[in-house]
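Chemist: Okay, here's what each chain looks like letter by letter:
Number of protein chains: 2
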Amino acid sequence: MRLSKIGEFGLIKKLRSRCRNTPPEILTGIGDDSAAIKIGNRKILVTTDMLIEGIHFDLSYTTFFQLGYKLLAVNISDIFAMGGYPKYFFISLGIPKRFKPDDIGALYSGILKLAKKYDIAIAGGDTCASEKGLVLNGTLIGTAGRIVTRAGARAGDGIFVTDTLGDSAMGLELLKRQKAKGERQGARGEQLFAHLIKKHLMPEPTPVKDIADITSMIDISDGLLIDLSHICDESKAGAVIHRNKIPLSRELADAAKISGLDPLRFALKGGEDYALLFTAPQDIKTNAFRIGEIVRKGRFIMDEKGRKTRFKAEGYEHFKE
Amino acid sequence: MRLSKIGEFGLIKKLRSRCRNTPPEILTGIGDDSAAIKIGNRKILVTTDMLIEGIHFDLSYTTFFQLGYKLLAVNISDIFAMGGYPKYFFISLGIPKRFKPDDIGALYSGILKLAKKYDIAIAGGDTCASEKGLVLNGTLIGTAGRIVTRAGARAGDGIFVTDTLGDSAMGLELLKRQKAKGERQGARGEQLFAHLIKKHLMPEPTPVKDIADITSMIDISDGLLIDLSHICDESKAGAVIHRNKIPLSRELADAAKISGLDPLRFALKGGEDYALLFTAPQDIKTNAFRIGEIVRKGRFIMDEKGRKTRFKAEGYEHFKE
Chain A
1 MRLSKIGEFG
11 LIKKLRSRCR
21 NTPPEILTGI
31 GDDSAAIKIG
41 NRKILVTTDM
51 LIEGIHFDLS
61 YTTFFQLGYK
71 LLAVNISDIF
81 AMGGYPKYFF
91 ISLGIPKRFK
101 PDDIGALYSG
111 ILKLAKKYDI
121 AIAGGDTCAS
131 EKGLVLNGTL
141 IGTAGRIVTR
151 AGARAGDGIF
161 VTDTLGDSAM
171 GLELLKRQKA
181 KGERQGARGE
191 QLFAHLIKKH
201 LMPEPTPVKD
211 IADITSMIDI
221 SDGLLIDLSH
231 ICDESKAGAV
241 IHRNKIPLSR
251 ELADAAKISG
261 LDPLRFALKG
271 GEDYALLFTA
281 PQDIKTNAFR
291 IGEIVRKGRF
301 IMDEKGRKTR
311 FKAEGYEHFK
321 E
Chain B
1 MRLSKIGEFG
11 LIKKLRSRCR
21 NTPPEILTGI
31 GDDSAAIKIG
41 NRKILVTTDM
51 LIEGIHFDLS
61 YTTFFQLGYK
71 LLAVNISDIF
81 AMGGYPKYFF
91 ISLGIPKRFK
101 PDDIGALYSG
111 ILKLAKKYDI
121 AIAGGDTCAS
131 EKGLVLNGTL
141 IGTAGRIVTR
151 AGARAGDGIF
161 VTDTLGDSAM
171 GLELLKRQKA
181 KGERQGARGE
191 QLFAHLIKKH
201 LMPEPTPVKD
211 IADITSMIDI
221 SDGLLIDLSH
231 ICDESKAGAV
241 IHRNKIPLSR
251 ELADAAKISG
261 LDPLRFALKG
271 GEDYALLFTA
281 PQDIKTNAFR
291 IGEIVRKGRF
301 IMDEKGRKTR
311 FKAEGYEHFK
321 E
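Those protein sequences? They're chains A and B, same order as listed. Counted from 1, the first sequence has number 90 at position 90 by the working numbering; the numbering is strictly sequential. Counted from 1, the second sequence has number 138 at position 138 by the working numbering; the numbering is strictly sequential.
Please keep in mind that the hints were generated in silico from the structure rather than gathered at the bench. Some hints here could point you the wrong way.
Reference listing, derived: stretches of chain A covered by chain B, where coverage requires no fewer than 3 residues with Cβ under 8 Å from a Cβ of chain B [claimed, not checked]:
1. 17 to 27
2. 33 to 45
3. 103 to 113
Positions of the beta carbon are idealized from the N, C-alpha and C atoms, including for glycine.
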C-alpha cells in the first residue's frame with residue numbers, strides 16, 4: 001500500500017490510534033489545531049508546522065521575508081483556532097549550502113515582523129544543512145484560558161467564518177499562471193491582483209475577540225469543506241452551508257471572471273485561507289460571516305432555492321494524487 | 001558571502017543577536033540545549049531537532065525503527081543536558097510519496113519504544129508530503145526543577161563525561177565503509193562492531209541522577225572539543241583536558257586498530273555521542289569519567305608528560321566544507 005492511497009488524513013488516523021496512551025494533563029492531543037497541556041495551574045498550547053520547498057512554497061515567487069512571515073502566521077493561526085495567545089516560537093531550518101546568510105536574515109526579518117505584532121519571542125531552534133531544498137519547521141507555544149476544540153458544535157449552532165474565503169487559493173493560481181507564462185514577480189497581473197497574492201504569500205491570522213459563546217473552532221488551512229468536516233467528525237454532528245452566504249471578496253470574483261474559473265470552487269476547496277471557522281449560538285453578536293448551521297447529521301450545501309446537495313471532505317490533502 | 005564561510009555557529013550567532021528581545025519568563029533562550037520558560041510557578045524546557053535524509057541519516061543503512069528511536073533520543077539528550085525530565089513529544093514529518101504507510105508505522109514504533117522507557121507522551125505533530133527526501137522534526141517539552149545551563153563552570157571545577165566517547169562517529173565510519181564496499185546491512189563487519197554501530201544508529205541518552213552540585217552541562221552532539229568550547233564560551237572560562245583520561249571503549253580501540261585510524265580523533269572530534277559533559281567540584285561522588293579541569297583561561301589538551309597543546313573548537317559543523 002502506498003501513502004497516496006490512504007492520504008494524509010488516513011495516515012494521521014493510523015498514527016493517532018497508536019498514541020492514545022496520554023496522561024491526564026494533556027487536555028487535547030493529536031487531532032486538533034494545537035495540543036493543550038496543563039502545566040501546574042496554567043494551560044499551554046503547542047502547535048508545530050513544517051514547510052517544505054517544492055510542496056508548500058516556490059522560491060521563484062516567494063521572497064525569504066514573505067516565507068518567514070508565513071511560517072509564523074500558519075502557526076499563530078493554530079493557536080488562535082484554540083482560543084489561545086501565541087507566545088514563544090521555535091524555528092528549525094534545513095538550509096541548502098548554496099544559500100546566503102542574508103537570505104536567512106531576510107527570512108528572520110519576516111518572522112520578526114509578525115512576532116513583533118503579537119509580542120511573540122523567538123526562544124530557540126535548530127539550524128542544519130539540507131541536501132536538496134529549504135525546509136522550515138516552526139513550533140509555537142501559546143497560553144490559554146478557556147480552550148476551544150473541534151468537538152463541541154451542537155445542532156442548532158450557527159457556522160461562522162472570520163474572513164472571505166478562496167482568496168489565497170486564487171492567489172496561488174495566479175502566481176502559478178504567471179510563472180508558466182514566464183512573468184517575473186511584480187509583473188502587471190500581480191499588481192492587479194496584489195490582494196489575492198498577498199493573502200497567499202503573507203496570510204494575516206486574526207483571533208476571534210470574544211470566545212465565551214463559541215462551541216467549536218478550527219482554522220481553515222485545507223479548505224472549507226475539509227475543515228468543516230473535521231468539526232463535524234469531532235463534534236459528531238452534521239452541517240448545512242448556504243451557498244450564497246459564503247463570503248467572496250470582490251477581487252476573487254474579478255479574478256475568477258477574467259480567468260473563466262468558478263470562484264465558489266476556490267472558496268469551498270481552496271486551502272490556506274487561515275481564516276477561522278467557528279460554531280456558536282446563531283444570535284451571537286459578531287462581525288464574522290454566518291454561512292450555515294450545525295444539524296444532527298448529514299453534510300449539505302444548500303442553494304438559493306433551498307435545494308440541498310451532499311458534500312464530501314474535498315480540498316487539499318497531502319499525498320493524495 | 002556563503003553559508004559555508006560563516007558555518008553553522010556563525011549563522012546562529014548572527015540570528016541570536018537579532019532575537020534578544022525576550023520577556024523575563026524566558027530563563028534561557030537561544031544558545032543552550034533547550035529553552036527554559038517559566039509557566040506560572042513551574043518551569044518547562046523546550047528543544048527542537050531536525051533530521052534530514054542525506055545529511056543526518058542514510059536509509060540504506062538505517063531502518064525506520066532506528067530512525068524514529070534516534071529522533072526522540074537526540075531530543076531527550078537536550079532535555080537531560082539541562083537537568084530536566086522529558087514529557088511531551090511533537091513530530092513533524094515530511095514524507096516522499098513513494099514511502100509506504102508501514103515505513104512510517106515502523107518509524108513510530110521506534111519513537112514509541114523509547115517514549116515508553118521515559119513515559120513520554122506523543123502529543124501532536126504535522127504530517128506533509130516532501131518532494132525530495134524524508135525530513136523529520138521533533139520538538140520535546142520537558143519539566144525541570146533546577147535548570148543547569150552551559151554558563152556556570154568555575155575555575156577549579158572538574159570536567160566530567162557520562163560515557164565513552166567516539167563510538168558513534170566510529171560506528172558511522174564503519175557503516176560508510178561497508179556501504180562503499182557494497183556490503184548489506186547485517187554483514188560480517190557489522191556483527192563484529194555491532195556495539196559501535198548501535199551507538200550511532202540508536203543512541204541511548206542517560207540523565208545525570210544527582211544534579212545538585214553540577215555547575216554547567218551540555219550534551220556532546222558535535223564532538224567533545226566543540227561542545228566543551230561552548231561551555232567555555234558561555235561560562236567565560238578555559239579548560240584543560242587530560243588526553244589519557246578520555247574514556248575510550250574497547251570496541252573503539254579495536255576498530256581503530258584494524259582500520260588504521262586514531263581512536264582519539266574520534267573521541268575528540270566525532271559527533272553524536274549524546275553523552276553528557278558536565279562540570280562540578282572535583283571531589284563529587286559520581287560514576288562519570290573525570291577528563292580534566294576548568295581553568296581561568298586557555299583551552300588545552302595535556303599529554304601524559306604534562307605537555308599542553310592548545311585546542312580549537314573542531315568537530316562537526318553544518319555548512320562548513
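Chemist: Please check whether the region 103 to 113 of chain A has three or more residues whose CB lies within less than 8 Å of a CB on chain B.
Modeler: With 4 residues closer than 8 Å to chain B, the region 103 to 113 of chain A meets the three-residue bar; holds.
Chemist: Has the region 17 to 27 of chain A got at least three residues whose CB is nearer than 8 Å to a CB belonging to chain B?
Modeler: Since 6 is at least three, the answer is holds.
Chemist: Given as covered by chain B, does the region 33 to 45 of chain A meet the bar of three residues or more with CB within less than 8 Å?
Modeler: holds (count 8)
Of the numbered hints stated above, none is contradicted by the structure.
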